Amino acid sequence: MSMKSWTGNFFEDFAVGQEIVHATPRTVNTGDVALYTALTGSRFAVTSADSFAQALGLRSAPIDPWLAFHMVFGKSVPDVSFNAVANLGYAEGRFLAPIYPGDTLSVSSTVIGVRENSNGKTGVVYVRTSGTNQARETVMQFARWVMVAKRDPASVAPEPVVPELADHVAVADLLAPTLDMAAYDFAASGEPHRWDDYTVGERIDHRVGITIEEAEHQMATRLYQNTARPHYDAHYAAGTRFGKRLIYGGHVISLARALSFNGLANAFWPVALNGGRHAAPVFAGDTIHAWSEVLAKDPLPGRADLGSLRLRLVVTSNRPCVDFPEEDMVLDLDTTVLLPRG
Amino acid sequence: MSMKSWTGNFFEDFAVGQEIVHATPRTVNTGDVALYTALTGSRFAVTSADSFAQALGLRSAPIDPWLAFHMVFGKSVPDVSFNAVANLGYAEGRFLAPIYPGDTLSVSSTVIGVRENSNGKTGVVYVRTSGTNQARETVMQFARWVMVAKRDPASVAPEPVVPELADHVAVADLLAPTLDMAAYDFAASGEPHRWDDYTVGERIDHRVGITIEEAEHQMATRLYQNTARPHYDAHYAAGTRFGKRLIYGGHVISLARALSFNGLANAFWPVALNGGRHAAPVFAGDTIHAWSEVLAKDPLPGRADLGSLRLRLVVTSNRPCVDFPEEDMVLDLDTTVLLPRG
Amino acid sequence: MSMKSWTGNFFEDFAVGQEIVHATPRTVNTGDVALYTALTGSRFAVTSADSFAQALGLRSAPIDPWLAFHMVFGKSVPDVSFNAVANLGYAEGRFLAPIYPGDTLSVSSTVIGVRENSNGKTGVVYVRTSGTNQARETVMQFARWVMVAKRDPASVAPEPVVPELADHVAVADLLAPTLDMAAYDFAASGEPHRWDDYTVGERIDHRVGITIEEAEHQMATRLYQNTARPHYDAHYAAGTRFGKRLIYGGHVISLARALSFNGLANAFWPVALNGGRHAAPVFAGDTIHAWSEVLAKDPLPGRADLGSLRLRLVVTSNRPCVDFPEEDMVLDLDTTVLLPRG
Numbered sequence: 088m089s090m091k092s093w094t095g096n097f098f099e100d101f102a103v104g105q106e107i108v109h110a111t112p113r114t115v116n117t118g119d120v121a122l123y124t125a126l127t128g129s130r131f132a133v134t135s136a137d138s139f140a141q142a143l144g145l146r147s148a149p150i151d152p153w154l155a156f157h158m159v160f161g162k163s164v165p166d167v168s169f170n171a172v173a174n175l176g177y178a179e180g181r182f183l184a185p186i187y188p189g190d191t192l193s194v195s196s197t198v199i200g201v202r203e204n205s206n207g208k209t210g211v212v213y214v215r216t217s218g219t220n221q222a223r224e225t226v227m228q229f230a231r232w233v234m235v236a237k238r239d240p241a242s243v244a245p246e247p248v249v250p251e252l253a254d255h256v257a258v259a260d261l262l263a264p265t266l267d268m269a270a271y272d273f274a275a276s277g278e279p280h281r282w283d284d285y286t287v288g289e290r291i292d293h294r295v296g297i298t299i300e301e302a303e304h305q306m307a308t309r310l311y312q313n314t315a316r317p318h319y320d321a322h323y324a325a326g327t328r329f330g331k332r333l334i335y336g337g338h339v340i341s342l343a344r345a346l347s348f349n350g351l352a353n354a355f356w357p358v359a360l361n362g363g364r365h366a367a368p369v370f371a372g373d374t375i376h377a378w379s380e381v382l383a384k385d386p387l388p389g390r391a392d393l394g395s396l397r398l399r400l401v402v403t404s405n406r407p408c409v410d411f412p413e414e415d416m417v418l419d420l421d422t423t424v425l426l427p428r429g
Numbered sequence: 088m089s090m091k092s093w094t095g096n097f098f099e100d101f102a103v104g105q106e107i108v109h110a111t112p113r114t115v116n117t118g119d120v121a122l123y124t125a126l127t128g129s130r131f132a133v134t135s136a137d138s139f140a141q142a143l144g145l146r147s148a149p150i151d152p153w154l155a156f157h158m159v160f161g162k163s164v165p166d167v168s169f170n171a172v173a174n175l176g177y178a179e180g181r182f183l184a185p186i187y188p189g190d191t192l193s194v195s196s197t198v199i200g201v202r203e204n205s206n207g208k209t210g211v212v213y214v215r216t217s218g219t220n221q222a223r224e225t226v227m228q229f230a231r232w233v234m235v236a237k238r239d240p241a242s243v244a245p246e247p248v249v250p251e252l253a254d255h256v257a258v259a260d261l262l263a264p265t266l267d268m269a270a271y272d273f274a275a276s277g278e279p280h281r282w283d284d285y286t287v288g289e290r291i292d293h294r295v296g297i298t299i300e301e302a303e304h305q306m307a308t309r310l311y312q313n314t315a316r317p318h319y320d321a322h323y324a325a326g327t328r329f330g331k332r333l334i335y336g337g338h339v340i341s342l343a344r345a346l347s348f349n350g351l352a353n354a355f356w357p358v359a360l361n362g363g364r365h366a367a368p369v370f371a372g373d374t375i376h377a378w379s380e381v382l383a384k385d386p387l388p389g390r391a392d393l394g395s396l397r398l399r400l401v402v403t404s405n406r407p408c409v410d411f412p413e414e415d416m417v418l419d420l421d422t423t424v425l426l427p428r429g
Numbered sequence: 088m089s090m091k092s093w094t095g096n097f098f099e100d101f102a103v104g105q106e107i108v109h110a111t112p113r114t115v116n117t118g119d120v121a122l123y124t125a126l127t128g129s130r131f132a133v134t135s136a137d138s139f140a141q142a143l144g145l146r147s148a149p150i151d152p153w154l155a156f157h158m159v160f161g162k163s164v165p166d167v168s169f170n171a172v173a174n175l176g177y178a179e180g181r182f183l184a185p186i187y188p189g190d191t192l193s194v195s196s197t198v199i200g201v202r203e204n205s206n207g208k209t210g211v212v213y214v215r216t217s218g219t220n221q222a223r224e225t226v227m228q229f230a231r232w233v234m235v236a237k238r239d240p241a242s243v244a245p246e247p248v249v250p251e252l253a254d255h256v257a258v259a260d261l262l263a264p265t266l267d268m269a270a271y272d273f274a275a276s277g278e279p280h281r282w283d284d285y286t287v288g289e290r291i292d293h294r295v296g297i298t299i300e301e302a303e304h305q306m307a308t309r310l311y312q313n314t315a316r317p318h319y320d321a322h323y324a325a326g327t328r329f330g331k332r333l334i335y336g337g338h339v340i341s342l343a344r345a346l347s348f349n350g351l352a353n354a355f356w357p358v359a360l361n362g363g364r365h366a367a368p369v370f371a372g373d374t375i376h377a378w379s380e381v382l383a384k385d386p387l388p389g390r391a392d393l394g395s396l397r398l399r400l401v402v403t404s405n406r407p408c409v410d411f412p413e414e415d416m417v418l419d420l421d422t423t424v425l426l427p428r429g
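Chains as they are written, first to last, in my numbering: chain C, 88 to 429; chain L, 88 to 429; chain G, 88 to 429.
The shape of chain C in the complex, shown without the other chains (with noise of 0.2 angstroms):
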C-alpha cells in the first residue's frame, strides 16, 4: 500500500516561522468572473464591466477582491485546515492591489502561533497568507487561525506562541488603487449614495434574501479549489458533529457582499478585512439576509476623493433584517471599504 496520498497536517505539523508555499497556482480568467456572478448575483459596476473600471483608470474590470480571497484561501486549505476542526478567525486582511483576468495567483503562508489546547487533543495554529500575482507583487495578505486537531494526543505540547494581531487595520495602512474617481459614473453604479452621506452608527438592512443550493456551494468551493472536506463530502460530512454538509464561511460572505449592494452600491472596494467569525453554520435550504453597521468613517489620507468606511455585516439564517438582529447570526463580519466622496 502506497503512502503518496495526502492526510492533511496535524497540530504537531506545524512550527512557528515555517513557511508553506501552497500547491496550484491559478490563473484567474473571465470564467471565473461569470461563475462568481452567477454564484452571488453580485451587482458592483466596476467589476461587471470593462467599460467602468476603465473610465477609473483600471486596465479592465478587475476580478472581485472576494473571490481572489477565496482562491488565495482555498490554495492554503489543504496544508492550514485540512484537519481543522473550526476556522476561528481572522485579522488584518488586506486587498493591496487589483487582481485582473489573466493573473496568476501563487500563495505562501508562515506560521505566526501555535498554542495547544489544554484538552490535548487540538491546538490552534495561526498563520498569515499572502497571495502573489506573476509579477511576484503581493496583492493580498491575512492572517488567520484554526483550531487543528492532533495526530497524537500524546505528543508534547510545543512553547505555545499567540500573535498580537491588530483589532482592525488603521486607516494608514490601507492602500487605495491608484484611480481617477472624478470619472466615477453613480448612474452606472446605481446609488446616489457618497461616503459622505453615511454617519457613524447607521443601519442598512438589505433587504432581500437569497437561497442557497447544494449544487452551488460545492460549485464555489471547487471553483476556488478549496479542499475542505465537510462542504463537498457527503459521506465524510454524516460523521461530523452536524451530519450533514456545511457551506464554506466564505461563500457567505460573497453571499452578504452581493447584498449589500442595496445600500452601498458605492462601496466599490474592499480594502481590508479587520476580523470575523462564522457564528453559526450554514446549510443547504437556508435562506440568507444581511445587514450593515457603519462602525467607523475616515477620509483616505492624502485623497480628497475617497473615503473609508469601516464596516459590520451581520447574516441571518432564514430570518429577515428589518429589525437588525443579533440572533440567527452566521456571519459577523468587519471589513473596510472605499467609497467615492463629493
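Do not rely on the hints blindly, as some may be mistaken.
Taking CB as the label site, the calculated pair distances span [to be verified]:
1. Thr197/G to Pro250/L: 33 to 43 angstroms
2. Glu414/L to Gly207/G: 31 to 41 angstroms
3. Ala270/L to Leu382/G: 43 to 53 angstroms
4. Pro245/L to Asp267/C: 39 to 49 angstroms
5. Val243/L to Pro388/C: 28 to 38 angstroms
6. Ala383/G to Thr94/C: 24 to 34 angstroms
7. Val108/C to Ala270/L: 46 to 56 angstroms
8. Pro412/G to Lys331/C: 19 to 29 angstroms
9. Arg364/L to Gly372/C: 28 to 38 angstroms
10. Gly144/C to Glu106/G: 33 to 43 angstroms
11. Pro412/L to Leu382/C: 51 to 61 angstroms
12. Val108/C to Arg223/G: 35 to 45 angstroms
13. Ala366/L to Pro388/C: 51 to 61 angstroms
Because the hints were derived from the structure by calculation, they are not lab data.
Predicted, not measured: the structure shown is a model, and the values here were computed from it.
Backbone N, C-alpha and C fix where the C-beta goes; we use that ideal spot for every residue, glycine too.
Since the structure of chain C is provided, determine the placement of chains L and G on it from the hints.
Relative to the frame of chain C, chains L and G by itself:
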C-alpha cells in the same frame, strides 16, 4: 435607521416619457458563454464555434442573442419590475447587431404607457428598453409591460396612456448582420433544412425534454443580474401565491430555444421577438418540452441568401409535444429567425 | 406534421466504413475551464496556471485533456449513441496534442464495426472518433462501442464485423507534448513524487469523496453539448430501467481524475485511454471515492525526463477505498499518464 436600501419603484413612480438609466453595465465574456451552454445545452454552431462564425464573416462567435436579451432584461428589473405582480407581455423586440465577448452592454428604458387597474391596487406600466454596446450602438430593443403594485391604494390614478404596439415586427424592419452565407456549413450546423424547406403551418415537435433544477435557474437568474426575488429568495417566495420559488421565464425561453435546435438547427439567427406570454409558472423539478409552428415565411428584402421565418414556440410542462398540445402550456412565444436559403 | 426533428440513428443506419461529420464545432474557452474546475475541483497545476504551463514551454495552461475528451465525445452522441442502450467500452484512445483556450474542436467518426445481437433487437456499433483543431491537426482519437437499438426487429442483420482493438496503447504510440521538464515546479504541483517513486502493483487510496448533485451533472452534460437524454430529461429517464436520471459516465471519470490528484499530483498529462468500463450507474446524491493501481511503468522512448505510468483507476459509489475494494465499483478505467522523472 438608514433609508439607503432600495425597495423598488411602485406604480406611482412611473410617468410617460420618463427615462431610466439602469445600473451596472456588463461586459459579456466567454465565461458567460460557457455558463449559458452549461445551463441550456444550446448547440447552434454560430454561437458555439469561432470557425463557423468567422467563415460567415463575423469577428468571432457572437454571444447568443437570448443571453444578451436576459442581461438587458435583467438590468431593467430593479427599476421596472422589482414590485411587479406579473410580467404581461413583450412586443417590438429586435436584435439589431451581433454582440461579442468583450462587448459591454448598457441599458436604459423609456416609460411609454401607464394605466391604473380598476381595483386601485395595481397598474400596468409599459416600457421600451434598449441595450447599447460600448460604441453606443443600439444592439437590442424591446417593449414590455408589467403589472406593478401601487405604493398607496389611495393615490390618484394618472391619465391612462396605452401605447400602440405592433402585432409583430414587420419584415422591412428586420436587421440581418452582414454575412457571407455561401460559407454556411450544413454539416457543422447539424441539419440540411434550408429556409426553402419550411412551409407555413408546418409544426415541429422538438421531442427531447429538459428538467430544471433549483440551482440551475437560480444561477441563470443571477448570471443575468436579475434581481426579481421570486426566483432565488425562498423566504420571500413562500409568501407569494405560488408558495415557492418560480423559474425566471427567460430561462424557459432559452431552454426551449436550445431544444428547438432539433428541427430548426439552421434557424441560426433570432432577429425579432414579436410577442410572448408566460402562460403558467414553471418550478424546479419540472421537465419542459417544446414544439414550433411556422406562422409566416418571408424572403429578406434585398437578400437572396437569407429568409425569415416567423415562428410560434410553445413550451409545455411535464408533457411531451408529439401531439402539439395547447394544454399544459407554460410559454407561447412569437419570434422571427433567419435561415440560409439555397 | 414535420419530419425535420431528429430521432437519432438506429442500428440499421450504421455500415462499416461510413464517415460521420458531427455537428456543432466548439471553441473551447476559459469559461469552460472555470466551469470544469467548479464541477470537478481539479487541482493539477499545468491546467490551472499559465505560469506553470509556460515554464514548461507551453503557450498557456492547456485545457484539461478530459474536458476536451468530453466535448469530442459529446459531439458524437447525437449521431452514434442517441439510441444507445449501453456504452460498452473504449479502446485505443490517445491524447495527441495540447488544446488551448480559443482552439476550435471539430469531430468526426468512422464506423469500424457492426454486429447484431442474437436477440434481434439491438446491435453493437464500433466507431473511431477523432477531434481536430482549427489547424486540422488531430488532437484526440479513440474507439468506442455501444449497444444500439434496431429501428425494426425484422430487419436483416448485416455481415458482422468486429474490429481488433489493442488491449492498451503501446508505449511507442504515446505522444508527449514538447516540454521543458527541468522547469517543473514540485512545490507548485503539490507533491514530491516522481515517476521513479512509483512501483508496479502499487495501490493508492485517493481518500477524499465527492458527492454529486443533479444540477451539477446536468450542467456538465450540457457543457459538453452531450444530448444523451437519460442525463437531463427526467420524463424520459422515468421510462428507463433505472427510473431516474443517470449521471454521464464521463463526469464520473473527471471527478475521479480530480480525486486522484491526492497521490498522483504529478501524473500531470494523460496520454492514453486504454480501456474502461462503467460498471454500474451513478445517481445524484451518490458520493464517489477512487483508488488507483500502477499496472505498468515505462520510460518514454527518447526522453530521459518523462516516464509513463499505466494506471487502473477504480471508482466506487458510497464506499471509501481504504481497502481497495472490487465491490461497489462504478468505473474501472485504464489510462496512461506522464510524470516527470528525476
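(request) Confirm or reject the claim that Val108/C and Ala270/L have a C-beta distance inside 46 to 56 angstroms. (result) 51 angstroms, holds
(request) Go ahead and decide if the range 33 to 43 angstroms is satisfied by the Cβ distance of Thr197/G to Pro250/L. (result) 59 angstroms, violated
(message) For the hint 51 to 61 angstroms, verify it against the beta carbon of Ala366/L and that of Pro388/C.
(response) 60 angstroms, holds
(request) Please test the hint of 33 to 43 angstroms on the beta carbon pair from Gly144/C and Glu106/G. (result) Violated - the Cβ-Cβ distance for Gly144/C and Glu106/G, about 55 angstroms, lies outside 33 to 43 angstroms.
(request) Look at the Cβ atoms of Val108/C and Arg223/G and judge whether their distance stays inside 35 to 45 angstroms. (result) 41 angstroms, holds
(message) Taking the Cβ atom of Ala270/L and the Cβ atom of Leu382/G, is their distance within the range 43 to 53 angstroms?
(response) With Cβ atoms ~48 angstroms apart, the hint holds.
(request) Starting from the hint 24 to 34 angstroms, judge whether the C-beta atoms of Ala383/G and Thr94/C obey it. (result) 27 angstroms, holds
(message) Can you tell me whether the CB distance of Pro412/L to Leu382/C sits inside 51 to 61 angstroms?
(response) 59 angstroms, holds
(request) Could you say whether the range 28 to 38 angstroms given as a hint is met by the Cβ separation of Val243/L and Pro388/C? (result) 53 angstroms, violated
(request) Can you let me know if the beta-carbon spacing of Arg364/L and Gly372/C is within 28 to 38 angstroms? (result) Holds, since Arg364/L and Gly372/C (Cβ atoms, about 32 angstroms apart) stay within the stated range.
(request) Go ahead and decide if the range 19 to 29 angstroms is satisfied by the Cβ distance of Pro412/G to Lys331/C. (result) 25 angstroms Cβ-Cβ, so the 19 to 29 angstroms window holds.
(request) Hint says 31 to 41 angstroms; check whether the CB-CB distance for Glu414/L and Gly207/G agrees. (result) 39 angstroms, holds
In terms of the numbered hints stated before, the structure departs from hints 1, 5, 10, listed from lowest to highest.
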